[in-house]
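Given only the sequences and the hints, what does the whole structure look like? Please build it.
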Amino acid sequence: GQQVMQIPQYQHVQEGEDFTTYCNSSTTLSNIQWYKQRPGGHPVFLIQLVKSGEVKKQKRLTFQFGEAKKNSSLHITATQTTDVGTYFCAGAQAAGNKLTFGGGTRVLVKP
Amino acid sequence: NAGVMQNPRHLVRRRGQEARLRCSPMKGHSHVYWYRQLPEEGLKFMVYLQKENIIDESGMPKERFSAEFPKEGPSILRIQQVVRGDSAAYFCASSPSQGTSNSPLHFGNGTRLTVT
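Quick mapping for you: the protein sequence lines, in order, are chains C and H.
No gaps in the numbering here: position 18 of the first sequence is 37 in the numbering used here, and each next residue is one more.
No gaps in the numbering here: position 21 of the second sequence is 271 in the numbering used here, and each next residue is one more.
In short, the hints are calculated from the structure, not lab data.
No experiment lies behind these values; they were computed from the predicted model shown.
Just so you know, not all the hints are guaranteed correct.
[As the list claims (entries may be wrong)] Covered stretches of chain C (chain H as the covering partner; in silico rule of three or more C-beta atoms under 8 Å from a C-beta of chain H):
1. 37-48
2. 91-104
[Unchecked claim] Example chain C residues on the side facing chain H (calculated, C-beta under 8 Å, incomplete):
3. Gln52
4. Phe107
5. Lys117
6. Leu118
No residue lacks a Cβ here, since even glycine has one placed at the ideal position from N, Cα and C.
Right under this line is the structure:
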């Protein structure tokens, strides 16, 4: 079955630094979504990418969908303490199929 | 604009008891998904339902677990004869009728099940 892997599993970042987390699927995706879960909270939708090579920005967050639609990345610039949480990517193989979540990248920010 | 409502937030059961988790989707959403999350792990798909229909239950254990989404009322995830390994956070999510390819999932606050 479809597998979605995320690396790294943990990311310790100094406040103000940049970092990137990566998402890789074993199969081609129709779309990829990113979610953020704060400690003790529930996943909250951030963004969806649909087109090959698509890049979207949300303030300090930049999301990219690979040309082959099998991988994605999230880059955060000038990390802040509010960025703490787990970032999940989730992919669907075809329209209407269930979303398969990656294992998440747990981000800890050192002030 | 109520979001996805799950109850209870916390549920403690002894081994062998039944656990019932409830989920009311967002207004206007007819698709419900249940995910399970162990501490420090990702979200594992369990089941996808529409009103009165189970669309995909490929992530549900074959025994002790069942789910329903009746015509009236919330979706229910039922775990019979709970064991310690069932301890986890169970999240419900809903989406509008067009399905996951065009719609994000809206998650509830989850039910944290502890089996003693």
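Hint by hint, which ones does this structure get wrong, listed from lowest number up? Going through the list in order, the structure violates hints 1, 2 and respects the others.
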